[in-house]
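J.: Sequence:
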Amino acid sequence: MNVVTRPSIPGETEQPSLATQMSRPSRFGDRAFEWLTLAMALAVIALVFLVGWQLARGSQLAIAKFGFHFLTTSTWDPVAEQYGALPFIYGTIVSSLIALIIAVPLSIATAVYLTELAPLWVRQPLVSLIEMLAAIPSVILGLWGIFVMIPWLKAHPFPLLKTLFGWTPFFEGPIYGISMLAGGIIIAIMILPIITSVSREILRSVPNLQREAAYALGATRWEVTRIAVLSYAKKGLAGAVILGLGRALGETMAVTMVIGNTPQIKASLFAPGYTLASVIANEFTEATTDLYLQALFEVGLVLFGITILANLIAQVLIKTMAGATTTRAVQ
Numbered sequence: 001m002n003v004v005t006r007p008s009i010p011g012e013t014e015q016p017s018l019a020t021q022m023s024r025p026s027r028f029g030d031r032a033f034e035w036l037t038l039a040m041a042l043a044v045i046a047l048v049f050l051v052g053w054q055l056a057r058g059s060q061l062a063i064a065k066f067g068f069h070f071l072t073t074s075t076w077d078p079v080a081e082q083y084g085a086l087p088f089i090y091g092t093i094v095s096s097l098i099a100l101i102i103a104v105p106l107s108i109a110t111a112v113y114l115t116e117l118a119p120l121w122v123r124q125p126l127v128s129l130i131e132m133l134a135a136i137p138s139v140i141l142g143l144w145g146i147f148v149m150i151p152w153l154k155a156h157p158f159p160l161l162k163t164l165f166g167w168t169p170f171f172e173g174p175i176y177g178i179s180m181l182a183g184g185i186i187i188a189i190m191i192l193p194i195i196t197s198v199s200r201e202i203l204r205s206v207p208n209l210q211r212e213a214a215y216a217l218g219a220t221r222w223e224v225t226r227i228a229v230l231s232y233a234k235k236g237l238a239g240a241v242i243l244g245l246g247r248a249l250g251e252t253m254a255v256t257m258v259i260g261n262t263p264q265i266k267a268s269l270f271a272p273g274y275t276l277a278s279v280i281a282n283e284f285t286e287a288t289t290d291l292y293l294q295a296l297f298e299v300g301l302v303l304f305g306i307t308i309l310a311n312l313i314a315q316v317l318i319k320t321m322a323g324a325t326t327t328r329a330v331q
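So for the sequence shown, the numbering used here puts the first residue at 1; every next one is plus one.
These are computed hints drawn from the structure, not numbers from a lab. Please note that the accuracy of each hint is not assured.
Said to hold, decoys possible - FRET-style restraints, in silico, Cβ to Cβ:
#1 VAL79 - GLU172: 29 to 39 Å
#2 ASP30 - GLN82: 13 to 23 Å
#3 GLN210 - ALA41: 29 to 39 Å
#4 SER74 - PRO151: 49 to 59 Å
Stated by the list, open to error - Each computed DSSO-like pair below joins lysine-lysine, with the alpha-carbon atoms no more than 27 Å apart:
#5 LYS319 - LYS234
#6 LYS235 - LYS319
#7 LYS162 - LYS266
#8 LYS319 - LYS154
Computed from a predicted structure; not experimentally measured. Glycine is no exception: its CB is placed at the ideal position from the N, C-alpha and C atoms.
Sequences are here, hints too, so could you generate the full structure?
T.: This is the structure:
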């Protein structure tokens, strides 16, 4: 059959066929979506820089007067206008480390139980209770710490720790109740549900093929959990710990109510302490001079820097851990 075609007219522009127009996708939507998501990502980065810039701008007077000595001196005397943040840095780091030492094993063990061992009728109630613990306001936990936790710690665990480990510098001296150790314990309670929830989701994402392969090789349940599950999820669990550390470094109200708020550096965990967040919460409304106010701004800048530094170090450790795991797998 002969196909009759319309003769072309000189000067007429050839138009694409309907099929060609339908097969050519429009790129405007994809490009708009790409630029929109890029703008959102840049907005987050810009927000971080703006916070740091505002803190640095608000603490210029204190930075100019004290310089690096602000980080290395222990005197905090608003009357004499002498300010040093070393006791607060010490208290923040020590209380956060205590919280991680307590919370990380409990959180990961709870996540392992909920993922690998708990029966279905137990799993969901426990998950709901853990999520409810995360929803409790910090000031409520602080009140509970003052009236319930500290009297109990002062009556039972602290004397036992002093009896067993009083020969060390960490558990010597009088027992006040409110102390660095109490602050670390209340932070551990607050970060425990966060680390547990994230760790549980990470363990749930481990492919069942990992477990089945380990069982096929004759591994026990503990060996399957240790080799096939925890080793596979090591990087994700480290990320969960980082999230808990970020919460621990910036926790304010609950810690303020139980740590004692004394700007001192002592090895004993029974002694009162102070944190960077607590001194801002306690003294911001009392800052009557420009230097006092800007010293508190510089405390906030130091806390901001410690948080960023801790996250950067954690990211480096995670990458190093992942690289070592990959090398062992290749070998």
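J.: Hint by hint, note whether the structure agrees.
T.: Hint check results:
The supplied range of 29 to 39 Å is met by VAL79 and GLU172, whose beta-carbon atoms lie about 32 Å from each other. The hinted range of 13 to 23 Å is not satisfied by ASP30 and GLN82, whose Cβ atoms lie roughly 60 Å apart. GLN210 and ALA41 have their C-beta atoms about 33 Å apart, which keeps the hinted 29 to 39 Å range intact. At about 30 Å, the beta-carbon gap between SER74 and PRO151 misses the expected band of 49 to 59 Å.
Our distance criterion of 27 Å between C-alpha atoms is met by LYS319 and LYS234, whose separation comes to about 11 Å. A distance of roughly 8 Å separates the Cα atoms of LYS235 and LYS319; the hinted pair therefore holds under the 27 Å criterion. A threshold of 27 Å between alpha carbons decides the hint, and for LYS162 with LYS266 the separation of about 16 Å falls inside it, so the pair holds. Simply put, LYS319 and LYS154 have alpha-carbon atoms about 42 Å apart, too far for the 27 Å limit, and the pair is violated.
The structure is inconsistent with the numbered hints 2, 4 and 8, although it conforms to all the rest.
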